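Asker: For the record, the sequence lines run as chains A and B. The working numbering applies: residue 1 is where the first sequence begins, and numbers increase by one. The working numbering applies: residue 1001 is where the second sequence begins, and numbers increase by one.
Just so you know, the hints here were simulated from the structure itself, not pulled from any lab data. Since the model is a prediction, treat every value here as computed from it, not as a measurement. Only true hints are included.
With a straight-line cut-off of 20 angstroms between C-alpha atoms, the simulated PhoX-like cross-links for lysine-lysine are:
| id | chain 1 | residue 1 | chain 2 | residue 2 |
| --- | --- | --- | --- | --- |
| 1 | B | K1334 | B | K1346 |
| 2 | A | K45 | A | K33 |
| 3 | A | K11 | A | K106 |
| 4 | B | K1371 | A | K82 |
| 5 | A | K106 | A | K43 |
| 6 | A | K51 | B | K1371 |
Between beta-carbon pairs, the in silico distance windows are:
| id | chain 1 | residue 1 | chain 2 | residue 2 | range |
| --- | --- | --- | --- | --- | --- |
| 7 | A | G57 | B | L1130 | 36 to 46 angstroms |
| 8 | B | E1409 | A | Y94 | 34 to 44 angstroms |
| 9 | B | S1139 | A | K45 | 22 to 32 angstroms |
| 10 | A | K44 | B | E1377 | 35 to 45 angstroms |
| 11 | B | D1342 | A | D59 | 28 to 38 angstroms |
A virtual CB, placed ideally from N, CA and C, is assigned to each residue, including glycine.
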Amino acid sequence: MKSKGKRSIMKVARVIRSKNSGPYELTLDIMFKDRRYYELFKKKKLITAGKIASLYGVDKADVLKIIYFEPSQAIKVTLKRKIPSGTPGDTDIYGAQQHAPLLNLKY
Amino acid sequence: MEKRKKLPPFKILSTTAILGYGFPESSFKKGLSKKPDLIAADAGSTDPGPYYLGSGKSFTNRTAVKRDLRLMIKAGVERNIPVIIGSAGGSGARPHLDWCLDIVRDIAREENLHFKLGIAQADIKKETVLTALKKGQISPLPFVPPLTPAVVEESENIVAQMGVEPFVKLLEAGAQVIVAGRSYDPAVFAALPISLGYDPGLALHLGKILECAAIAATPGSGSDCALGTLMADSFILEALSPERKFTPESAAAHTLYEKSDPYHLPGPGGSIDLTECKFEDLGQGRVRVSGSKFIPSDGYWLKLEAVRLAGYRSISVAGVRDPIMIDKIDDILKAVEVRVRDILGKDSEGSQIYFHVYGKNGVMGELEPVKKTRSHELGIVIEVVAPTQAEADAVLALTRSVLLHYGYEGRIATAGNLAFPFSPSDVAMGKVYEFSIYHLMKVSDPAFFPVRIEQL
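This is chain B alone, in the form it adopts within the complex (with noise of 0.2 angstroms):
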């Protein structure tokens, strides 16, 4: 404690809430004008859904990308403060680093800049999660089922959530820009005052806060900077613009942001307990946090992430008008499913057939609790998933057929049920992935990701 309490503020300005989002140059300079201690983005999440992880694709746009990553390498290089971003291209993955990696060689060119370029993979073998598996060293999230051999088998892009080890070896090994593959969030922002000695539950916490950036402060933006400030006792948070500030409530109300316990923040090697935790307000929208503690986990557990292939995807879009019709509509859905499988008989059996009926429970599916809709108009999305895009192309025309021309009791419309808003009316949608494993796997060495250093 005492060597701590000799520790100089710590300044970190997070420019935005995922690399690509963007962030006002004004609040940027602004950050900069504190001489900031980081530069750091988190540029990953789980959000976007299964198939950016599988298909090795970045959810943020590559224009948009290069951007962000421009303004935060020629200033980090320039005034020599490390610039770090984890879970590289969303996912995290192979592709996605390369392709984030690429972004990154194609601006030292362009602006001349040189310097060491750390890099950290986060791709895991299916060997190491099979080991693990037989070793009864892999551990499933709530509501996710027992990871099998043969799910392992079937994943594809297996990547772990990368605590803040391997930033920290790469730091020590001179790196000046640092890209990574998937990485537990607050992580790029942990990693260097950790390893200077500051408090863990205070760094860590802070980066929970900052890896969404100014979403946090109050009118809250993704698109906005934030900077925080780490001291041996506790950190402060201040926006960047002036429209925006931090309040105690605004950044209380963060921590209960997309978790379900909003006391323990889990994450690699530990959690971070907030039960202690104090919000302050300081003025001049300044919040100051103090409390959060790291609680060691017994043994160093990883998230893992991946994702296995579902099938082809096609899909048409349609509109009912008609009040007998959608008074219906349920029982004339049944119906169509039974005629094309009828039809089609085994050349259906791999398929799966949804109708997304919007206006009715589009959007809760099962979950809504209103089951007799008012609408006088619904919208129709026909979904087929099938082993091949031939067979989904295939099934979708036949239901869409079917169902444009169904009979149903009571049918005064002769001509066509549906209303399509565009012609071709099927979409072939291509590949659709699933999530197979989101499991914690325990680890003997936390920075066994393979780390390298590329001279720019």
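With the rest of the complex left out, here is chain A (with noise of 0.2 angstroms):
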């Protein structure tokens, strides 16, 4: 599955998560491991509305916000839930095990 000359996120961030925030957004927040990878993909971009929307397979309307976090040298990217928290249909109330896609991101 490796593309040639693309690394892995995993290799560079310390933490990947996701979260509710509040019952109709899900957010995720990636950490990174150094200072230079977060520059590094504050400068380049590397985070796009378009690249979360093709990993989660959703549109990017329903992207709501990507925002680079000094303080924390983190990225922090809001979706739509699919799903209301605790709507019939829901799979996660809490929105704690939604990060898995992520951990796929190629740079």
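Both chains are sitting in their own frames, so use the hints and assemble them into the complex.
Answerer: Dropping the structure here:
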């Protein structure tokens, strides 16, 4: 699966997680091992709404925002929840296990 | 600013991330030895889902809440330190508040404590919301459908997250212990210092961190105390057990948690702006935070929360080990639902049938990028949500039996398709709620929440 010349986010991130941000949003955090990776991602805009939308198979419009958070050297991405927390059909009330597609991110 | 410079350090002891999650007595005692000016804890969250707000039940355990409250109230009343609890009973509507007040009265009686109990209610009348809706004073949060009068009518237990104002009112009336309904998490920590003249941006940001107690330390814990010291131009965070410390990284990382934008944290009446916030290591596990600002919003907006009944649920849990069946699982489940709907006709129209297929996409549902399972076994939770419990039970029973005996193409295990771990296989789960209101409402008086004092 590894495309040539691309590296895995797993090599540079120390935390990759998901969680509700209220019942209607899912928020994803990527915290980097090292400031230079954060700077690289920020400078080259390596995380885009398009990339997130394709990893999760959702519309770009469902990606609310992407924020680079200096004090934690972290990137935060907020998505629309397909189904609000606890509404029939939901699979993850806390939204704490929706991060796995991010682990496949290559840059 | 001149007046602010003269403010002495104001110490806040946060006991636990959610009242009832517990805290070590040793940490609490260490916190008390620092002579705090306030003991507070937040008791609420929407995280456990809509059921608790709708049912009026707490997601925390009564014995655990009583244990936490006993230590806090006893210490507070004996030392004359205000004790403040927000979002009582988890969801903070009337039944949750009453549940928590009952525990407080029990403790007062058992410990022979006498104090002025301040009570603030967060319930919002439907008429109030309908009037605000008509006046254009309701605004949805991102991805939330616009509110309609019909949704307001269907909603139960409408609450608003109160800001600091009702707490200040109760403190001015002499309350020694305050138990409030649904509250903006930082309000229980920030109300008293803001009323004394401390900077609201710093006080609210400190509250935002302290509401999770030691979660923002490293290693983090929701079941341990934390101490915040507020000053005129900054605040200091410190842990109260030797195994934990605050670091600039841990404190900053917490600012990311469960929020969509870590630089702007909206709340009642305005937002905390952290664009110029600094986290500085003071050594000995302490961190100084400065630069947090409060930016008042155009008008005072409160966040409303409410749920409505979505039906009644029944579930059945089973496993599948047959590789032929696993290979065709999607088609089989679709065909089973068609068969069930065909047999029941109109009787199943109001029912929703869900198959949670663990080992395939049970965790992520539609978001699951891996379409083909490689698991040798699957766990299936069959879920039915229907307008009545009887209908949910009936549709579930049929779905379970049709799936058990469904003759899919290529089937060689003809005795049954499912391994049930339990007898009975079906469980009636009762009422199902869903969030219906998650909107902002503009109010003219932020202190309009009903408050009262009870002498214990």
